[in-house]
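Line by line, the protein sequences are chains A and B.
Note that the first sequence covers residues 584 to 694 in our numbering.
Note that the second sequence covers residues 207 to 321 in our numbering.
Just so you know, the hints here were simulated from the structure itself, not pulled from any lab data.
Don't take every hint at face value.
[Stated by the list, open to error] Pulled a few chain B residues facing chain A out of the computed Cβ check, cut under 8 angstroms:
no., residue
1, Q248
2, L262
3, F296
4, T310
5, T313
In this text, a Cβ means the ideal position worked out from N, Cα and C, and glycines have one as well.
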Amino acid sequence: GAGVSQSPSNKVTEKGKDVELRCDPISGHTALYWYRQSLGQGLEFLIYFQGNSAPDKSGLPSDRFSAERTGGSVSTLTIQRTQQEDSAVYLCASSSWGGYTFGSGTRLTVV
Amino acid sequence: AQSVTQLGSHVSVSEGALVLLRCNYSSSVPPYLFWYVQYPNQGLQLLLKYTSAATLVKGINGFEAEFKKSETSFHLTKPSAHMSDAAEYFCAVSEGTGTASKLTFGTGTRLQVTL
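Kindly produce the complete structure, drawing on both the sequences and the hints.
Next comes the structure, spelled out in structure tokens:
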């Protein structure tokens, strides 16, 4: 597609439930990144994919967080047993040589 | 390891005044530097980037930034602020522009423009 698409744009979930966030990168972009933006904080790196593999998972905050990418395209970030501190905007970006393009994000609210 | 420091979480300027948003970086290799803007409830939009070519980089919406290696700085400027410039601005560094270089962001500066 023309840009990075993320869905849903907003998600409200109850504490303890699992959620899946989806990212559809720009066609042909081999690298894909997930970031988290919490209120009053900057952007925190979570994980990046090169193709379908994830060479750097260092930013995942706990083992409740996981991500996968299939077909070198769509990626899913899964948060299990959500906690209130998981409330944030989750941003996805894809890149080719020379630039990164960000999606509009998924705003996750855990109640 | 790389890091970015943005001085001033909030900056307020009058319409028509100079905008100066400060960014200092730390990188173990020659850095690639970026400024992004985020409008409310939107994603990040690239303003400009430095990738080891000209040290003075011009971006969109009249913004520019100058890479100063001796000062490890990449401050963002605009000669005359407009109301539409009100947004949050993020400085970021990466260790390459290749497809396998993550961005490390500063904590952001919220720009307010007043009449």
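**Message:** Just to be careful: measuring from the Cβ of B:T313 to every Cβ in chain A, is the smallest value less than 8 angstroms?
**Reply:** OK, holds: B:T313 within 8 angstroms of chain A, min 4 angstroms.
**Prompt:** Taking 8 angstroms as the limit, does the beta-carbon of B:T310 come near enough to a beta-carbon in chain A?
**Reply:** Interface hint status for B:T310: holds (7 angstroms vs cutoff 8 angstroms).
**chain A contact restraint for B:F296 - C-beta distance below 8 angstroms** = 7 angstroms, holds
**Message:** So, as I understand it, the hint says B:Q248 touches chain A; can you test that by seeing if any CB pair is closer than 8 angstroms?
**Reply:** 6 angstroms, holds
**Restraint check, 8 angstroms cut-off on beta carbons, for B:L262 near chain A** = With a closest approach of 18 angstroms, the B:L262 hint is violated.
Violated hint: 2 only; the structure is consistent with all others.
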